[in-house]
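Residue numbers (my numbering), protein chains in the order written: chain A, 1 to 224; chain B, 225 to 626.
Derived by calculation from the structure, the hints in this document are not laboratory data. Think of the CB as a built atom: it goes at the ideal place given N, C-alpha and C, for glycine as much as any other residue. Not one of these hints is a red herring.
Beta-carbon label-pair distances, calculated as ranges: (1) L597/B / R186/A: 52 to 62 Å; (2) R242/B / P201/A: 40 to 50 Å; (3) P201/A / S624/B: 19 to 29 Å.
Pairs of lysine to aspartate or glutamate, EDC-like flavour, derived with a Cα cap of 20 Å: (4) K319/B / E354/B; (5) K531/B / D140/A; (6) K223/A / E32/A; (7) K612/B / E76/A; (8) K531/B / D74/A; (9) K222/A / E32/A; (10) K612/B / D75/A; (11) K612/B / D74/A; (12) K463/B / D479/B; (13) K223/A / E29/A; (14) K222/A / E29/A; (15) K531/B / D55/A; (16) K223/A / D25/A; (17) K319/B / E467/B; (18) K531/B / E167/A.
If you only want the chain A side, here are some residues facing chain B, beta carbon under 7 Å, derived: (19) N49; (20) L54; (21) D55; (22) D75; (23) A78; (24) R81; (25) P107; (26) V109.
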Amino acid sequence: MIRLTGIERVFRVGDEEVHALRGVDLAIEQGEYLSIMGPSGSGKSTLLNVLGLLDRPNAGRYELNGRDVTGLGDDELARVRREAIGFVFQFFHLVPRLTAEQNIELPMVLAGIEPAERRRRLDRLLAEYGLEARAGHRPDQLSGGQCQRVAIARAMSMGPTLILADEPTGNLDRHTGQEVMAVLERVHHEGGTVAIVTHDPEIGARAHRRIRLVDGEVVEDKKE
Amino acid sequence: MRFTDLLRFAWQVLGGYRTRTLLILLAMGIGVAAVVAVSAIGEGARLYVVNQFGSLGTNLVIVLPGRSETAGAMPGVLMGKTPRDLTLDDALSLKRSPSVLRIAPLIVGAGDVRVGSRSRETPVLGTTAEFIQVRQMDIGQGRFLPPGDPRHSQPVCVIGAKVAAELFGPRPVLGEWLRIGDRRFRIVGVLARQGQSLGFNTDEIVVVPLAAAQALFNTEALFRVLVEAKSREQIVNAKQDIEEIIRLRHEGERDITVITQDAVLETFDRILRALTLAVGGIAAISLAVAGILIMNVMLIAVTQRRKEIGLLKALGATGRHIRAAFFTEAVMLALGGAACGLAVGKLGQLAIGQAFPNIPFTAPWWAVVAAPLTAIVTSVLFTVVPAKRAAMLDPVMALSKR
Ligand SMILES: Nc1ncnc2c1ncn2[C@@H]1O[C@H](COP(=O)(O)OP(=O)(O)OP(=O)(O)O)[C@@H](O)[C@H]1O
Ligand SMILES: [Mg+2]
Chain A
1 MIRLTGIERV FRVGDEEVHA LRGVDLAIEQ GEYLSIMGPS GSGKSTLLNV
51 LGLLDRPNAG RYELNGRDVT GLGDDELARV RREAIGFVFQ FFHLVPRLTA
101 EQNIELPMVL AGIEPAERRR RLDRLLAEYG LEARAGHRPD QLSGGQCQRV
151 AIARAMSMGP TLILADEPTG NLDRHTGQEV MAVLERVHHE GGTVAIVTHD
201 PEIGARAHRR IRLVDGEVVE DKKE
Chain B
225 MRFTDLLRFA WQVLGGYRTR TLLILLAMGI GVAAVVAVSA IGEGARLYVV
275 NQFGSLGTNL VIVLPGRSET AGAMPGVLMG KTPRDLTLDD ALSLKRSPSV
325 LRIAPLIVGA GDVRVGSRSR ETPVLGTTAE FIQVRQMDIG QGRFLPPGDP
375 RHSQPVCVIG AKVAAELFGP RPVLGEWLRI GDRRFRIVGV LARQGQSLGF
425 NTDEIVVVPL AAAQALFNTE ALFRVLVEAK SREQIVNAKQ DIEEIIRLRH
475 EGERDITVIT QDAVLETFDR ILRALTLAVG GIAAISLAVA GILIMNVMLI
525 AVTQRRKEIG LLKALGATGR HIRAAFFTEA VMLALGGAAC GLAVGKLGQL
575 AIGQAFPNIP FTAPWWAVVA APLTAIVTSV LFTVVPAKRA AMLDPVMALS
625 KR
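The task is simple: from the sequences and hints, build the whole structure.
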């Protein structure tokens with residue numbers, strides 16, 4: 001489903017070049033649940049951004065669902081992001097002026113989906129992520145765990161095949177973190193591909209496939 | 225993205241940043257209101273002047289002594305050499321023209337008008353019986369000056385309504401006598417209230433026969449001659465005839481100025497229209513200022529909403545989506561501001577109208593159209609840069625900053 005070959009990502013800071021990713025080769029099958037770990041600055045977020053088509057590699061080839069997406073234009077990339085990829089962030093990134101429901105609705109609004117169809121999907125998502133009672137609340141009226149659940153529901157609203165989560169529990173206490181992980185794992189059980197970046201070994205260990213990055217290189221790739 | 229969703233999204237942004245929204249609405253509103261109110265005042269002044277001339281009487285041609293090089297200028301500001309006097313005989317000779325219906329020679333001076341112990345300084349008008357028809361004025365009580373040979377006069381006069389009230393109070397005035405200088409006149413009529421008309425308040429004048437005025441002010445020279453052409457189409461002919469007749473009488477000298485109402489009206493119309501446009505344009509500058517304000521606010525919004533824009537991109541928004549959102553916001557602000565401005569401008573116009581009921585203040589249609597249009601165009605123009613900047617924002621960078 002995903003095939004990365006020889007992915008390089010180089011940042012230029014002044015005269016210096018920072019190699020965030022060096023020759024990464026990675027193949028991910030549909031329905032896999034993988035964790036990406038490694039020291040700070042090892043390139044985890046960069047890899048996730050490349051996977052999510054938010055960032056373009058300087059070299060290498062990226063195939064998503066059998067299609068080469070390396071050379072796609074911005075608008076086409078946005079369309080693929082909209083339809084096939086869901087993001088979950090450490091800091092939730094909810095729009096503060098919008099209610100939980102309106103936040104969840106955003107990707108569907110951008111995709112131009114009919115209001116009636118949106119309403120159907122919203123009702124299902126709100127029920128699924130236990131947010132019915134919070135639908136009309138704004139982010140500042142929600143707990144961290146609830147915010148992250150809203151963010152996950154938002155990521156799922158377009159029925160993506162790939163869910164990318166960058167330290168989704170990094171801003172939550174242990175208990176709420178477990179809760180959020182359970183929600184993400186449910187997505188995996190329903191057949192979604194889930195990739196999680198984390199610093200927490202316990203959470204990393206829950207994944208069936210564990211990837212370790214050091215200095216922009218994949219140094220370990222364990223499958224159960 | 226659906227259009228209704230775009231509107232709703234922009235609406236939510238406007239609602240989410242209330243103070244900012246209100247400030248821009250205020251700036252836009254003031255700009256639009258200023259254009260509307262200022263142009264309403266200009267247009268009101270124009271209509272007022274046009275009406276003033278209209279009330280002079282139709283088909284009116286004014287003959288005054290002295291040659292003016294600039295045709296159609298204001299009668300009061302005419303430049304000319306010391307002219308030959310315009311006499312009563314000159315005036316009477318104008319009746320020879322087949323295009324002339326009536327004439328009214330005019331002498332104007334200030335007189336000390338006395339009744340018993342009361343006295344009042346008023347403009348005194350010496351003219352003939354036809355004056356009232358030429359000027360299309362109405363008589364309130366009694367009648368106007370009697371017709372007859374203008375060279376001989378009866379000791380009668382017609383007074384303005386205000387003069388009557390001031391000299392006699394509530395007492396009946398018809399048949400009473402008054403004195404102007406050392407002459408006595410019997411009051412035969414009172415003019416109907418009409419108010420201001422071209423610098424004369426006809427409520428405040430005393431009208432006496434021409435010959436009496438000649439004696440009073442000790443002059444043969446006419447102030448001017450009012451001529452009524454037979455019809456609107458005859459005005460041009462009348463003008464030519466008048467010039468020709470006087471030229472022959474004045475040994476070939478073209479030493480009079482003939483003003484037609486149309487020419488005067490047109491000049492005023494042009495000047496005042498230009499003036500209205502100019503002040504409207506100046507007021508429109510405030511709209512440009514509002515546009516710059518919008519640009520600033522939008523640029524701040526791009527910085528302030530970096531994370532949001534990055535997020536929208538991560539969720540699959542294209543550059544076009546982002547730009548559309550910004551432009552929708554700008555247009556909504558402009559429309560809202562324009563609506564407020566039109567409402568306030570209209571209210572202002574009504575308020576000034578209350579203060580000066582004589583002047584017909586109405587914003588000209590072009591101002592009502594141009595002001596909101598300028599508001600929308602400036603706000604869209606000034607949103608181009610911020611919208612572009614937002615659309616080009618790198619989502620990774622935008623999201624990585626806390
Ligand atoms: N926009 C950028 N400009 C310059 N250097 C960058 C940029 N983004 C990332 N880097 C560098 O690339 C390297 C990898 O960064 P990345 O954010 O992927 O690390 P990470 O593994 O996610 O770290 P952390 O665990 O702290 O989040 C780092 O050395 C970082 O400094
Ligand atoms: Mg990171």
